[in-house]
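Colleague: Chains A and B supply the protein sequences, listed in that same order.
Using the numbering used here, the first residue of the first sequence is number 1, and each one after it goes up by one.
Using the numbering used here, the first residue of the second sequence is number 1, and each one after it goes up by one.
Calculated from the structure, these hints are not laboratory results.
Keep in mind that this is a model prediction, so the values were computed, not measured.
All residues carry an ideal CB built from backbone N, CA and C; glycine is no exception.
Careful, some of the hints might be misleading.
As the list claims (entries may be wrong) - 30 Å max Cα-Cα, derived DSS-like pairs, lysine-lysine:
#1 B/K155 with A/K76
#2 A/K152 with B/K77
#3 A/K76 with B/K24
#4 B/K143 with A/K36
#5 B/K77 with A/K23
#6 B/K4 with A/K152
#7 B/K153 with A/K75
#8 B/K4 with A/K76
#9 A/K117 with B/K37
#10 A/K133 with B/K41
#11 A/K152 with A/K23
#12 B/K127 with A/K90
#13 A/K152 with B/K24
#14 B/K143 with A/K3
What the hints assert, rightly or not - Sample of chain B residues with no beta-carbon within 12 Å of chain A, all distances over it, derived:
#15 V2
#16 A42
#17 D148
#18 K153
#19 L177
What the hints assert, rightly or not - Here are a few chain A residues that sit away from chain B, every Cβ distance over 12 Å (derived from the structure):
#20 L73
#21 K76
#22 E102
#23 T103
#24 N105
#25 P190
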Amino acid sequence: MIKLYGFPLSTCTRLVALVCKEKNVPYEIISVNLAKGEQKNPSFMAVQPFGQVPYIDDDGFLLYESRAIARYLSKKYPNQGTSLIPSDPKAEALFEQASSIETFNFNAFVAPIVVEKVFKPRRGLQTNEERVKELLASLLPKMDAYDLILGKQKYLAGDSVTLADLSHLPYGTAFYGLGDVFTEVFESRPNLARWWKDISNRPAWLAVKDGA
Amino acid sequence: MVLKLYGFATSTCTLRVAVVLKEKNVPFEFIPVDLLKGAHKAPEFTAYQPFGQVPYIDDNGLILYESRAIGRYIAAKYASQGTPLLPTDPTAIAFFEQAASTETSNYDPFVSGLAWELKFSMLFGGKTDEARAKSLQGQLSAKLDAYDVILGKQKYLAGNDITLADLFHLPYGAVVLDVGLDEFSSRPNVARWWKDISSRASWEAVKGGI
């Protein structure tokens, strides 16, 4: 059974859990106490030199970076559960394009907004509302582009769901849950709203979204 | 039909694709997009790249954007020529993906942020946000400490062979060094690795601009 070293509510940990659910791969979560800084312990950093969750232990094989773990699991179990990475070269190239879009045209803005609005207050730190405003302003034209793309195809890489779509869920859900202008970013763009409703209601996500 | 690379001669992301093309000995035609005139926001451009960003390629009708996606596509399509840049063994592939993700999450946000604050913002009439630059430098420094540990055990980021993941570090790393911020030299393993990848013929060929 895959050992998932992470924090049940961590965005990156839940991405791995989501992929495990999509692929019907059983996993055991081993909680790393972030509040106590366990991820900075020498024994943790011996495996994950950046001191970040999650990492997996797959029968002795250790891997970190949630997107890398997600890809590893998707490729290790190609014939079970949902197919998440296409094998046809052209479809795979479009998957890589979508993957990169998620990292640089979505996550780059959404993740820091979530850090400012959700994570910092939890740690007793002050939200930098000015920075949130700047990030949101940068995000909006990106979401217009998403709406355009998703008006032509069902998912970000084509007409089948891929890992690229799923990768949006952890931070995207936290962002959407902020309400007001944040929720409006998705809801005011019809194709984006359709896509978001589709992926955020996948049973695999519902199973892990409140805790890996 | 030869592969067409639409980009800006000195743009970091355009160079990220160019270095891979050189490493794989893939001929290409470079078609400049005049960013200063806003050509990347014109309908003729955004019809192909909806985010209005360079670069994109047209490989015999296949349009692809996002420099790292293009790099992966070229490395896979031309696996049997030039330098192997993508492993084929499943374990090695997993370590490659770990390295590729490390570059995007534990390197790029800091170096690209520093490149913006210390160089590019000025080109667009802005100025350096000193506090932000300082914060980014501190974060980059901590990340490179981890890089130094990793590179003390193996030659490259994914193992003992060079991969795309190493090459992807070049464009922004070069910009940051160019503006005088050197977080590489003081870390012996990072310094060794940087010297290795930045002195490759493929990078020498494109680093000054296509």
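Colleague: Now tell me if each hint is right for this structure.
Modeller: Each hint tested on the structure:
1. Taken as a hint, the B/K155 and A/K76 pair is honoured in the structure, with Cα atoms around 26 Å apart against an allowance of 30 Å.
2. As the CA atoms of A/K152 and B/K77 are separated by approximately 26 Å, the hinted pair is consistent with the 30 Å bound.
3. At most 30 Å may separate the alpha-carbon atoms for a hinted pair to count; A/K76 and B/K24 meet this at roughly 28 Å.
4. Distance check on the hinted pair: B/K143 and A/K36 sit about 21 Å apart at the alpha-carbon level, within 30 Å; holds.
5. This hinted pair checks out: B/K77 and A/K23 have alpha carbons roughly 28 Å apart, not beyond 30 Å.
6. Taken as a hint, the B/K4 and A/K152 pair is honoured in the structure, with Cα atoms around 24 Å apart against an allowance of 30 Å.
7. For a cut-off of 30 Å, the pair hint linking B/K153 to A/K75 stands: about 27 Å separates their Cα positions.
8. Using a Cα cut-off of 30 Å, the hinted pair B/K4 and A/K76 is violated, with the two alpha carbons roughly 35 Å apart.
9. Taken as a hint, the A/K117 and B/K37 pair is broken in the structure, with Cα atoms around 37 Å apart against an allowance of 30 Å.
10. Proposed proximity of A/K133 and B/K41 is supported: the alpha carbons are some 23 Å apart, at most 30 Å.
11. Distance hint between A/K152 and A/K23 is fulfilled; the C-alpha atoms sit about 27 Å from each other, no more than 30 Å.
12. For the hint pairing B/K127 with A/K90, the CA-to-CA distance comes to about 42 Å; that exceeds 30 Å, so the pair is violated.
13. The hinted pair formed by A/K152 and B/K24 fails the criterion: a straight-line CA distance of about 33 Å is larger than 30 Å.
14. For the suggested pair B/K143 and A/K3, the alpha carbons sit about 25 Å apart, so the restraint of at most 30 Å is met.
15. Taking the minimum C-beta to C-beta distance to chain A, about 18 Å, the non-interface status of B/V2 holds against the 12 Å cut.
16. Listed as outside the interface, B/A42 is consistent with that label: its C-beta sits roughly 15 Å from the nearest C-beta of chain A, beyond the 12 Å cut-off.
17. A beta-carbon of chain A comes within 12 Å of the beta-carbon of B/D148; the shortest separation is about 9 Å.
18. At roughly 10 Å, the least C-beta separation between B/K153 and chain A is not larger than 12 Å, which violates its mark as non-interface.
19. The beta carbon of B/L177 is kept farther than 12 Å from every beta carbon of chain A, the shortest such distance being approximately 22 Å.
20. Against the 12 Å criterion, A/L73 falls within the reach of chain B, whose nearest CB is about 10 Å from its own CB.
21. Remark: the non-interface label on A/K76 conflicts with the geometry, its nearest Cβ contact in chain B lying 7 Å away (cut-off 12 Å).
22. Its beta-carbon lying about 10 Å from the closest one in chain B, A/E102 breaks the requirement of being farther than 12 Å from that chain.
23. With a least CB separation of 5 Å from chain B, A/T103 falls inside the 12 Å interface cut-off, contrary to its annotation.
24. The beta carbon of A/N105 sits about 6 Å from the closest Cβ of chain B, which is not more than 12 Å, so the claim that it is off the interface is violated.
25. Distance check on A/P190: its Cβ is at least 16 Å (rounded) from any Cβ of chain B, clearing the 12 Å threshold; non-interface status holds.
Checked against the numbered hints listed earlier, the structure breaks hints 8, 9, 12, 13, 17, 18, 20, 21, 22, 23 and 24; every other hint is satisfied.
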